[in-house]
Amino acid sequence: DAGVIQSPRHEVTEMGQEVTLRCKPISGHDYLFWYRQTMMRGLELLIYFNNNVPIDDSGMPEDRFSAKMPNASFSTLKIQPSEPRDSAVYFCASSLSGSLLSSYNEQFFGPGTRLTVL
Amino acid sequence: EDQVTQSPEALRLQEGESSSLNCSYTVSGLRGLFWYRQDPGKGPEFLFTLYSAGEEKEKERLKATLTKKESFLHITAPKPEDSATYLCAVPEGNYGGSQGNLIFGKGTKLSVKP
Chain U
1 DAGVIQSPRH EVTEMGQEVT LRCKPISGHD YLFWYRQTMM RGLELLIYFN
51 NNVPIDDSGM PEDRFSAKMP NASFSTLKIQ PSEPRDSAVY FCASSLSGSL
101 LSSYNEQFFG PGTRLTVL
Chain A
1 EDQVTQSPEA LRLQEGESSS LNCSYTVSGL RGLFWYRQDP GKGPEFLFTL
51 YSAGEEKEKE RLKATLTKKE SFLHITAPKP EDSATYLCAV PEGNYGGSQG
101 NLIFGKGTKL SVKP
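Chains U and A, in that order, are what the protein sequence lines are.
Counting in my numbering, the final residue of the first sequence is number 118, and the numbers go up one at a time with none missing.
Counting in my numbering, the final residue of the second sequence is number 114, and the numbers go up one at a time with none missing.
The following block holds chain U by itself, in its conformation from the complex (with noise of 0.2 Å):
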């Protein structure tokens, strides 16, 4: 398998700007979560799916941030419009339910999108 993959892997944009970044996760993931890294506050998740069905969306930051998973292999994040402040690098994870409640399975990482606002 190619692993998750994203795309583009850089975006350079200017403030108000549409910002549409995409991924496509593992085969057979019934999981797909996107993060975003700084410096200042490391990984922090913003959004993830489960069988194409977001769960939990708490750590969109506003709603100038969507995300969509029309199918089992593919999903978008936007961010509309696009601020200074949104400079960071995005990833895109998958993984597998765990085989039982009490179990988590590992994500595996796409190489990410770096995003600069200007």
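It is worth saying that the hints were derived from the structure and are not from the lab.
Keep in mind it's a predicted model, so treat the numbers as computed, not measured.
Take the hints with a grain of salt, since some may be wrong.
Calculated pairs, DSBU-like style, for lysine-lysine (alpha carbon to alpha carbon, straight line, at most 30 Å) [stated by the list, open to error]:
#1 A/69 / A/109
#2 U/24 / A/59
#3 A/69 / U/24
#4 A/106 / U/68
#5 A/68 / U/24
#6 U/24 / A/42
#7 U/78 / A/106
#8 U/78 / A/42
#9 A/42 / U/68
Place chain A on chain U using the hints.
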């Protein structure tokens, strides 16, 4: 509140100088503790999962151990290629039946000089 704290923030070692990284956690109902390695410009790469106190896992020069309050990542005779940021994470407690979220520490940046 579920929390993960890693120390030190940064660690500089000479090649061959063994040391340990610490990850302390507070979570209700531990469902695993995860160690990841992150190289600059890349996504975190999974290393280990530990599920119960007393458990140990090894991979090359790395050994991870787990107690009821913390985990250690021991690095024996490190080489420059071990330089990376090491992250630990635990699944959130009270997850309401779903898989839930992984809560990450801020990481330890390890530099190994030849």
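Now for the hints, and whether the structure bears them out:
1. At roughly 22 Å between alpha-carbon atoms, residue 69 of chain A and residue 109 of chain A fall within 30 Å of each other, so this suggested pair holds.
2. Taking the CA atoms of residue 24 of chain U and residue 59 of chain A, the gap is near 29 Å; set against the 30 Å cutoff, the hint holds.
3. Pair hint residue 69 of chain A plus residue 24 of chain U does not hold up; C-alpha atoms about 36 Å apart against a cutoff of 30 Å.
4. Taking the CA atoms of residue 106 of chain A and residue 68 of chain U, the gap is near 27 Å; set against the 30 Å cutoff, the hint holds.
5. Restraint check for residue 68 of chain A and residue 24 of chain U: not satisfied, since their Cα atoms lie roughly 36 Å apart, outside the 30 Å limit.
6. Between residue 24 of chain U and residue 42 of chain A the alpha-carbon distance is near 16 Å, which keeps this suggested pair within the 30 Å criterion.
7. Simply put, residue 78 of chain U and residue 106 of chain A have alpha-carbon atoms about 25 Å apart, close enough for the 30 Å limit, and the pair holds.
8. About 21 Å separates the Cα atoms of residue 78 of chain U and residue 42 of chain A, which keeps this hinted pair within 30 Å; it holds.
9. Restraint check for residue 42 of chain A and residue 68 of chain U: satisfied, since their Cα atoms lie roughly 24 Å apart, inside the 30 Å limit.
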